[in-house]
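Q: Could you build all of it, start to finish, from the sequences and the hints given here?
Sequence lines, in order, name chains D and F.
With the working numbering applied, the first sequence covers 1 to 114.
With the working numbering applied, the second sequence covers 1001 to 1114.
In case anyone wonders, no lab produced these hints; they're calculated from the structure.
All C-beta atoms, glycine included, are put in the ideal place defined by N, C-alpha and C.
Among the clues, some could well be false.
Stated by the list, open to error - Over 12 Å on every C-beta distance to chain F, these chain D residues come out as not near it, computed from the model:
#1 Gln17
#2 Gln22
#3 Gly40
#4 Glu59
#5 Asn62
#6 Thr71
#7 Leu103
Claimed, not checked - Only part of the chain D face toward chain F is listed, based on derived beta-carbon distances under 7 Å:
#8 Leu43
#9 Phe90
#10 Gly106
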Amino acid sequence: NAGVTQTPKFRILKIGQSMTLQCAQDMNHNYMYWYRQDPGMGLKLIYYSVGAGITDKGEVPNGYNVSRSTTEDFPLRLELAAPSQTSVYFCASSNPGTPGEKLFFGSGTQLSVL
Amino acid sequence: DAKTTQPTSMDCAEGRAANLPCNHSTISGNEYVYWYRQIHSQGPQYIIHGLKNNETNEMASLIITEDRKSSTLILPHATLRDTAVYYCIVRSREGGQAGTALIFGKGTTLSVSS
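A: Below, the structure written as structure tokens:
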């Protein structure tokens, strides 16, 4: 039972480079989320999706893009990396209507932009 | 969604009960109280949630005051592995703009020592 899988685990980018953080879940969850966590801080919601083809902005969407072409995958795209995007990124999924609608989190991607 | 206030940090001796308070004085009638924890850089983990009544599961107990303006998470016999950041979150079960997503604050850092 894989749950939520994030790749890569670590990445170093140069300013201006682009990359895609991958997230996949095998629980058939409709809802998926991207959070970022800066050192010593709580999680901030970047984008979320309530189903394939539907995405919406969270608290801190600037500098990021997402797509949701399938139920399983929810990639996060950084187009022009900036030092302010140095953070740990967590993907999560949940199934609405289930008790607690628990969020299941991936193990995170640690990104450094230098 | 209503905001929450938690102490920045707490200490607990191993084997003793850990009582983590949370204030949510602006909570509305359809908002639930959720608790998650994050163990050292891992993705957050669901603990428990409740609306009005006290709740208990295999991990913890949740005590919600009658006026619902505050709650306490109780870990009955804390172990070293319970050292983590604990997040109290209030969220409506209704959908809508970011209403389906959990908004995390800074949480309480619980340190359990032997």
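Q: A separate judgement is required for each hint: does it hold in the structure or not?
A: Quick rundown of the hints versus the structure:
1. Gln17: Per Cβ check, D:Gln17 is outside 12 Å of chain F; nearest 24 Å; holds.
2. Gln22: holds, 15 Å
3. Gly40: Incorrect as stated: the minimum Cβ-Cβ distance to chain F is 8 Å, not above 12 Å.
4. Glu59: violated, 7 Å
5. Asn62: At roughly 15 Å from the nearest Cβ of chain F, D:Asn62 sits farther out than 12 Å, so the non-interface label holds.
6. Thr71: holds, 16 Å
7. Leu103: Check fails; 6 Å does not lie beyond 12 Å.
8. Leu43: holds, 4 Å
9. Phe90: Hint on D:Phe90: holds, closest Cβ of chain F at ~5 Å, below 7 Å.
10. Gly106: Holds - the Cβ of D:Gly106 comes within 7 Å of chain F, reaching about 6 Å at its closest.
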